[in-house]
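> The lines below spell out each chain.
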Amino acid sequence: MAEPTNLEALDQTALTRLMSLALAGPRRPVDALIQRLGASDGTEWLDRILQEDLPERERELIERATTRDASIDELRELKDLSKESLSAAKTENDRVCALFAYFTAIAGALVIHDEVITSRTPADLEPVLLDLAEALPAPHQDLVSEAGMRAAERAGA
Amino acid sequence: MKQDAFPQTLRTWIGARLVDGAQGRAEVNRHLMTVYLRPLKIYFLGTSERWLGEPDDVVSGFFADRLARENFLDDWIASGLSLRRWLCNGFCFYLKELRRQRFRDGRASALSDDPVTFSGDPEQAMDRAFIAQVVRLALAHAREQCLADGLEDHWNVFEQHHCQGLAYQQISEEMGIKPSRAAVMTRTATKRFREALRELIARDAAHDDVDAEILSLMETD
Chain A
924 MAEPTNLEAL
934 DQTALTRLMS
944 LALAGPRRPV
954 DALIQRLGAS
964 DGTEWLDRIL
974 QEDLPERERE
984 LIERATTRDA
994 SIDELRELKD
1004 LSKESLSAAK
1014 TENDRVCALF
1024 AYFTAIAGAL
1034 VIHDEVITSR
1044 TPADLEPVLL
1054 DLAEALPAPH
1064 QDLVSEAGMR
1074 AAERAGA
Chain B
2 MKQDAFPQTL
12 RTWIGARLVD
22 GAQGRAEVNR
32 HLMTVYLRPL
42 KIYFLGTSER
52 WLGEPDDVVS
62 GFFADRLARE
72 NFLDDWIASG
82 LSLRRWLCNG
92 FCFYLKELRR
102 QRFRDGRASA
112 LSDDPVTFSG
122 DPEQAMDRAF
132 IAQVVRLALA
142 HAREQCLADG
152 LEDHWNVFEQ
162 HHCQGLAYQQ
172 ISEEMGIKPS
182 RAAVMTRTAT
192 KRFREALREL
202 IARDAAHDDV
212 DAEILSLMET
222 D
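Those protein sequences? They're chains A and B, same order as listed.
Per my numbering, the very first residue in the first sequence carries number 924; after that it's consecutive.
Per my numbering, the very first residue in the second sequence carries number 2; after that it's consecutive.
Each hint should be verified, as a subset may be incorrect.
[Said to hold, decoys possible] Partial selection, computed: residues in chain B whose CB lies under 10 Å from chain A:
1. 17
2. 19
3. 89
4. 137
[Said to hold, decoys possible] Coverage of chain A stretches by chain B, computed from C-beta distances (three or more under 8 Å per stretch; other residues unrestricted):
5. 930-939
6. 942-953
7. 985-993
8. 1050-1063
Calculated directly from the structure, the hints in this document are not laboratory data.
The C-beta atom is built at its ideal place from N, Cα and C for all residues, glycine as well.
Let the hints inform the model, and build the full structure from the sequences given.
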């Protein structure tokens, strides 16, 4: 285990980096999903949408992404389906379901095929995926956190 | 009802305690001493008035004098200034008062009404010292919280990555975890640090836009 940081010795670079961590930034689409997952019934909610709420084809593709068996075409299909679901969403639950499918597709493409299938830059994707991963239970957390790391590598972090 | 004329956002943590009697006021005073003692000492060391005394004594004397005044913090709320700037202004007046006192005691020349002068940029030095102090306090608070919640490993990863600049790969090898897991653990600790730091900055700010205040402080560098 590393030595604890000497707080008196933090240099200006470290202080500035730490200050920047406190910036909240604008609210992102993924924050609605993170908020839902962070609710007291978040894990049960995820189980339910994976069994019932999501359209059947999206459920199948999410399962294949999570087990890392999905082809890149299947992940593109999942992304397209999730975007259609997002556009057609009538309730907040529909919206966050679609967001979960969307980010699973993005994460799967990065981890399984090392491909970015969105117009977002890896630098944009990294914090989004890592924040989402923190809110997810296993095995979804593993996939999304690894995707966050892949995005970080691509962004040159 | 004078205070109700001011936006609610200006009366959050400090404002709520000011209407909470002697106990609330004592809590505010402790907060001010914890956060601003060091920045004001740095400020004092940049002035032409260092001859007035030891930094610790002078700054402690300032707090004792001003915080005993019933309206000192109410007047800050009315001023629209950040708390650190309000304290700076009050401190300059206090230094002039000390100088006059020394003159009356026969321990100084008759320059008692000259403005306090500085070497360098004292406000920038004060802001830098403020940043260092609130970051240290937020780190200490977030660490305590993580330990209390059984998240010691999360905190260690955060500290190694963000304070010591180690890459996730290196940290994960030492801890026997995947780099992606280290990144997620850091995120958990970061949340606690972010909340602690934003709270300290909100207490100082003259408005409720904490992000704008952080960006403004970062421009100090």
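> Decide, hint by hint, whether the structure agrees.
How the hints compare with the structure:
For residue 17 of chain B, the interface hint is violated, since its Cβ never comes within 10 Å of a Cβ in chain A; the closest pair sits about 22 Å apart. Annotation: residue 19 of chain B was flagged as interfacial toward chain A, and the flag is violated, the nearest CB pair being 25 Å apart, outside 10 Å. The interface hint given for residue 89 of chain B is violated, since its Cβ lies 20 Å from the closest Cβ of chain A, which is over the 10 Å cut-off. Against a cut-off of 10 Å between C-beta atoms, the interface hint on residue 137 of chain B holds, since the closest Cβ of chain A lies about 5 Å away.
Using a Cβ-Cβ cut-off of 8 Å, 7 residues of the segment 930-939 of chain A lie near chain B, which meets the minimum of three, so the contact claim holds. Proximity of the segment 942-953 of chain A to chain B, defined as three or more residues with a beta carbon under 8 Å from a beta carbon of that chain, is established by the 7 residues found. Judged by the Cβ-Cβ criterion of 8 Å, the segment 985-993 of chain A is not covered by chain B as claimed, because only 0 of its residues qualify and three are needed. With 4 residues carrying a beta carbon less than 8 Å from a beta carbon of chain B, the segment 1050-1063 of chain A meets the three-residue requirement, and the given coverage holds.
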